[in-house]
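Please arrange chains Z and A on chain W, whose structure you already have, making use of the hints.
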Amino acid sequence: MMSRIFFTACAVICLAVAATADQMKLAVTTSFHNSGLADVLIPEIKKDLDLEVQLLVVGTGQAIRLGAAGDVDAILVHSKNSEETFVAEGNATQRTEIMFNDFVLIGPSSDPVGISKAETVVGAVAKIAKNKALFVSRGDDSGTHKKELALWSLANIGASDRDIAWYKEVGAGMGAALNTASGLNAYIISDRASWLKFGNKGDLKLLYAGDTLLFNQYAYLPVNQAKHDHVNSEQAEVLGNWLVSDRAKNLINGYKLLGEQLFQFNGSQ
Amino acid sequence: MNEILEGLRQAAYLIFSLDRDLMEISLMSLRVTLTAVAAASLIGLPLGCWMAVRRFRYRRFVIATLNALMGLPPVVVGLIVYLMLSRSGPFGVFGLLFTPTSMIIAQVIILTPLVASIAHQAIRELWAEYHDLLISVNTSRNQRIATLLWDGRRALLTASLAGFGRGIGEVGAIMIVGGNIDHATRVLTTAIALETGKGNFSLALALGFILIGLAVLVNLIIHSLSKTEVSGRW
Amino acid sequence: MVEPPILPLIVKNASVRRGRKVLIGPVTLTLAPTGLTVIMGPNGAGKSTLLRLLHGMERVSGGSIHWQVSEPEARKRQSFVFQTPIMMRRKAIDNVAYPLLVHGVDRRLARQKAIDWLDRVGLSDSADKQAPVLSGGERQKLALARALIRDPDILFLDEPCANLDGRATRELEDLVLAAYENGTRIVMATHDIGQARRLARDVLFIYRGKVHEAALAPLFFSDPQTREARAFVRGDIVE
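Protein chains in written order, with numbering that gives the first Met the number 0: chain W, 0 to 268; chain Z, 0 to 233; chain A, 0 to 238.
For reference, chain W alone in the conformation it holds in the complex (with noise of 0.2 Å):
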């Protein structure tokens, strides 16, 4: 009798296990979730794998943190410099590009400081400053943060020059920001995806984009399983094959909102 129970314990344990076997959490950001195409590919993940992907929608800083703790099985996010960092520090074994958008300037309808006409993104953002044109920053250490930061490097603006007066920093996702900057009608960088979906406009317009500056790259990193033995490393790879498929690459690039293409796929297997 105690046989019959210990054995059928062990089955209903493995069972469990087994169950969750098919499961995985992927980090991602904010400005990739609200884009819109994690709906389009999670089921077609789940008809093809048979695998559920659990997403977990934070900031990069805070995926990338939960990636280093083992608390998820791989990342997605777009950061190149904090992704080589994590696989430097040994949470990934490698990076992994997937797929390309751009980031793009938006602001006012009206445009008071004329960046629609400005020949780079450096003198668009130039041209705000000197301006002080009301601006809402990310502030949150994420990758468009960073790419944010960056222009404002380029155009030899520093911290001190951005002062509260029309800086605004809002730590949070690319969504809380775009509503903070369409409540104050502000100048704003956003992702281009996260900004066509995004549902409180306003009187915010698309004012510039093309700049090659404006790259915006999205890298995948299955989290290490030498450093976090638990992880799901096994489906992070499958997961990881899938999304440089050619299936996800018609799945990518077929995605358009309002008829517009939002992401390149630049995958390779």
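It is worth saying that the hints were derived from the structure and are not from the lab.
Among the hints, erroneous ones may be present.
What the hints assert, rightly or not - Using 30 Å as the maximum straight-line C-alpha spacing, the simulated DSS-like pairs for lysine-lysine come out as follows:
(1) W:Lys45 with W:Lys226
(2) W:Lys204 with W:Lys131
(3) W:Lys200 with W:Lys45
(4) Z:Lys226 with A:Lys20
(5) Z:Lys226 with A:Lys112
(6) W:Lys255 with W:Lys200
(7) W:Lys129 with W:Lys255
(8) W:Lys204 with W:Lys129
(9) Z:Lys226 with A:Lys90
Claimed, not checked - Away from chain W, derived, C-beta distances all over 10 Å, residues of chain Z:
(10) Leu17
(11) Glu23
(12) Arg30
(13) Leu46
(14) Phe60
(15) Ile62
(16) Asn66
(17) Arg86
(18) Gly91
(19) Leu96
(20) Glu128
(21) Asp131
(22) Asn141
(23) Ala154
(24) Leu193
(25) Lys197
Keep in mind it's a predicted model, so treat the numbers as computed, not measured.
Heads up, the beta-carbon is just placed ideally off N, CA and C, and yes, glycines get one too.
Same frame as chain W, but now just chains Z and A:
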């Protein structure tokens, strides 16, 4: 104003069409908070009662601490629970992070001081009323506690319902420890935060109205079950 | 089975102190097994404190209080009626039955007895009403029923009619006398001289925390010995 009306309309639509996602997150909200309230009550009600009748040396200090804990920001609790349950943390091996269980744990920590504090206050008043009688009739300590808990049950129910109110609307802690994972740990409040962040204000408002409606419904059910407010009853 | 009597109660030099202030004492007296003692005196004299001391609700700061049986045993066979009746937030019948349930009496039997006592105090119609909504007089009668339901050896009453109207007072006095005639030892505090005259078999006159006089009632009222007692019996204000 437009958004509010639109929100009401969307709320009605979601409810009447029995939207599956709505059902899912509503049930998860109820599951997390009701479980947490039950646990918090199991700990907090007897604790509050015990503190009310017992004389002990550091009573004032304990009460002050309890009241202070009520003011603890839920986000902070969430962060601490996250660090405890993280794989890199002391209890990571249980794999509780990003599950409803972790959300319940966080809410129990947040709600217990509230429930205990209100219970303590209510029982203390009742104890002051009954004190001489219970002593005179020669009750034992356990009999006193049992009598106070029973006669004070309506006030204790209020304590639990206050806990429910606080829990059902909480978002900071459960966002961190639950992760707001779609179809797994998403609840009404985290969904509202998500939709707000996407700028979908009407939907966020709709969910908000549904949340309020749910809270009112639960309160009504509890009150009618316990037959409070029926005339002449205490 | 007949239990050993808890009376007489022997009190020797007992006092109650709060901080440096002496609330009452030193008091020396003996409560005989039968009798109806009225503790009299102006407000603030210490009547309540003395009653509570005798009942064990105040800790004695000096001297001794001695029942004929052990203290825990004695506690079980006393009852107390407070000046403001303490009504539990329950039905009248549940209030009356409470002391029985506390001492382990079977529920059904307790209920029976409670109904019986409600009848005796004239509250049968109010059995299922919530006790706190009863009138002042009804509440005090309920408290008395509750105090007598376990057939105590001794019943203490602390100015039970202080907040009642004339009719309720009379009803309550009749009930107290009935209990006395039934063999219950009564010790009652009052500042109402008329009530004392009506009920007392013997009197303890308290003034400023001390027992000034102790005498049989007829003797006390006809010929009080001390100045304060004389003033009190006359109806003067005694400070």
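Q | Numbers of unmet hints, in rising order | A | 3, 4, 7, 17, 18, 19, 24, 25
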